[in-house]
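Those protein sequences? They're chains A and B, same order as listed.
Mapping the first sequence onto my numbering, position 334 (from 1) lands on 334, and the numbers just tick up by one.
Mapping the second sequence onto my numbering, position 141 (from 1) lands on 141, and the numbers just tick up by one.
Note that these hints are calculated values from the structure, not bench results.
Please note that the accuracy of each hint is not assured.
[Claimed, not checked] Which residues of chain B face chain A? A partial, calculated answer using Cβ under 10 Å:
hint, residue
1, V7
2, P21
3, N26
[What the hints assert, rightly or not] Keeping only pairs whose Cα atoms sit at most 30 Å apart, straight-line, the calculated BS3-like set for lysine-lysine is:
hint, chain 1, residue 1, chain 2, residue 2
4, B, K35, B, K9
5, A, K42, B, K137
6, A, K42, A, K57
7, B, K137, A, K153
Each residue gets a CB set at the ideal place from its N, CA and C atoms; glycine is no exception.
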Amino acid sequence: MTLVEKILAAHSNRETVSPGELINVRVDLILANDITAPLAIKEFRRLGIDRVFDPEKVVMVPDHFVPNKDIPSAEQAKMMREFALEQGLVYFEVGEMGIEHVILPEKGLVLPGDVVIGADSHTCTYGALGAFATGMGSTDIASAMATGDIWMKVPPTIRFIYQGKPGKWVSGKDLILYTIGDIGLDGALYSAMEFTGEAVDALSMDSRFTMANMAVEAGAKAGIFRVDERTLDYVKSRAQRPYTVYEPDDDAQYARTIEYDVSTIEPQVAFPHQPSNTRPISKAGEIKIDQAVIGSCTNGRIEDLIIAAEVLKGRKVNRRVRCIIIPGSQAVYLEALHRGLIQTFIEAGAVVSTPTCGPCLGGYMGILAAGERCVSTTNRNFVGRMGSTESEVYLASPAMAAASAILGRLASPEEVAG
Amino acid sequence: MKLKGKVHKYGADINTDVIIPARYLNISDPGELAKHCMEDIDREFIGRVQPGDIIVADTNFGCGSSREHAPLALKAAGISCIIARSFARIFFRNALNIGLPILECDEAAGKTDASDILEVELSRGEIVNTTKGVTFKAEPIPSFMLELIEAGGLIEYTKRKLAAGGGRS
Chain A
1 MTLVEKILAA HSNRETVSPG ELINVRVDLI LANDITAPLA IKEFRRLGID RVFDPEKVVM
61 VPDHFVPNKD IPSAEQAKMM REFALEQGLV YFEVGEMGIE HVILPEKGLV LPGDVVIGAD
121 SHTCTYGALG AFATGMGSTD IASAMATGDI WMKVPPTIRF IYQGKPGKWV SGKDLILYTI
181 GDIGLDGALY SAMEFTGEAV DALSMDSRFT MANMAVEAGA KAGIFRVDER TLDYVKSRAQ
241 RPYTVYEPDD DAQYARTIEY DVSTIEPQVA FPHQPSNTRP ISKAGEIKID QAVIGSCTNG
301 RIEDLIIAAE VLKGRKVNRR VRCIIIPGSQ AVYLEALHRG LIQTFIEAGA VVSTPTCGPC
361 LGGYMGILAA GERCVSTTNR NFVGRMGSTE SEVYLASPAM AAASAILGRL ASPEEVAG
Chain B
1 MKLKGKVHKY GADINTDVII PARYLNISDP GELAKHCMED IDREFIGRVQ PGDIIVADTN
61 FGCGSSREHA PLALKAAGIS CIIARSFARI FFRNALNIGL PILECDEAAG KTDASDILEV
121 ELSRGEIVNT TKGVTFKAEP IPSFMLELIE AGGLIEYTKR KLAAGGGRS
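Given only the sequences and the hints, what does the whole structure look like? Please build it.
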């Protein structure tokens, strides 16, 4: 069995499972946010059940439009807050909040071997920890909140092997953009993506979170990494309950195996209007930008901010560019503050916001006007994603977003910082 | 369960951001969401759509976010069924869970044009294009799923089962 199959078998009390089988899976954690929880709560109430199956296994995070951007958002956040408090759920108010997929691992709520379902498509982020994590809709979440389990079809696993040593400015973001560009928006539809190989072994946890996060952009049900010393280092100070490390069998069956030599991969940028529309930066041409966003569940972690600061330090954001930097959590924000990164950002002419999903989905805190272009470390660049349907979003790494902010056009970090 | 409606035709990778843009996700009332359904890709859709109409699309329909608001908006706009070459997996679950039938059918997606009239028999997976006089076959929708769709979705279906003493399967 593959890693995913091992985890799903263990959570459905079976010896083995194989792709295509329908199974009922016990979940370790259920997640919803201020956009998806209101619908889930309405559906949960309609079931006529008073209590969730286990309040310690249901997490609600206000992050998309919070701190509240308008009155309807405030009403949705209020509905979620009241339900979370009434049920005694795991809940983070604004002072300790952050983007759900940044804070759940940070607080040790997701651990290796877990099955996690979340009413947010980027729930797949937790695959970086060797967990099986997948996005679902509000009705599935409502049902699981009542029972603690959910039906699933066992996905086939596609194995991606990354060999070689990446160039200086090539990050996890570049590897996953390159991969999505290669296989397409539905290249891993219904499947799990297992990321492996020496280049992946050398990646930091933050870069692994970035890669797992964007598995859904290739249509995948989950993205997953094997647990190694780096994973265990990350979880050992955070875990407050036992967890199990699963390993794929040597004779595991993969639907496909795809190999890449990362030494040939340049920093990548996804052009409008699909995350799969990728090009190496050397082929980007002269694209002037109006805004740069550095943050989100994809790239709002401390390593992302450290790299952005490395590029921005002692330099100035182009005067026609709005550079918006959003730490993914209060802990990331605080660490950035201690490391002097916030000062670097402000001195460079960037604005720093409290954690929120905000501009990524065109919520607030950086909406684009018609004709404007943004280079963004977020995960989607569909038509109208960050504002006007006549605006454009270019997806890139924090290093490239920072370099582009300085030069006022799409630029390789090498051009700015060598 | 038989459906009949006029076709609205779309291409590949129709994502949830264009089905219902996030700027409207501060509300969750399906009727309100429906007013903005598809507006970022097809501004005329909401003025043109009639109850019972059917969407036919290429591959990977509903890719992107997990927002259940997307199938809810389509259903409230009057869409009775979506036929595509393939669906993104979260949208697939969400549509059925809220009682919006969907069918995967390569041939129907390839040989149907906008404004054609389709008759769909879900239990047989039969799609008749009455405009062109051709019939396509999709996988039939199994009877428990038809019951779920007729109940209006997973929650109502589960409630009925619980009330009937059937328990949750």
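Quiz item: Which hints from the list above does the structure break, by number from lowest to highest?
Solution: Per hint list: 1 and 5 violated.
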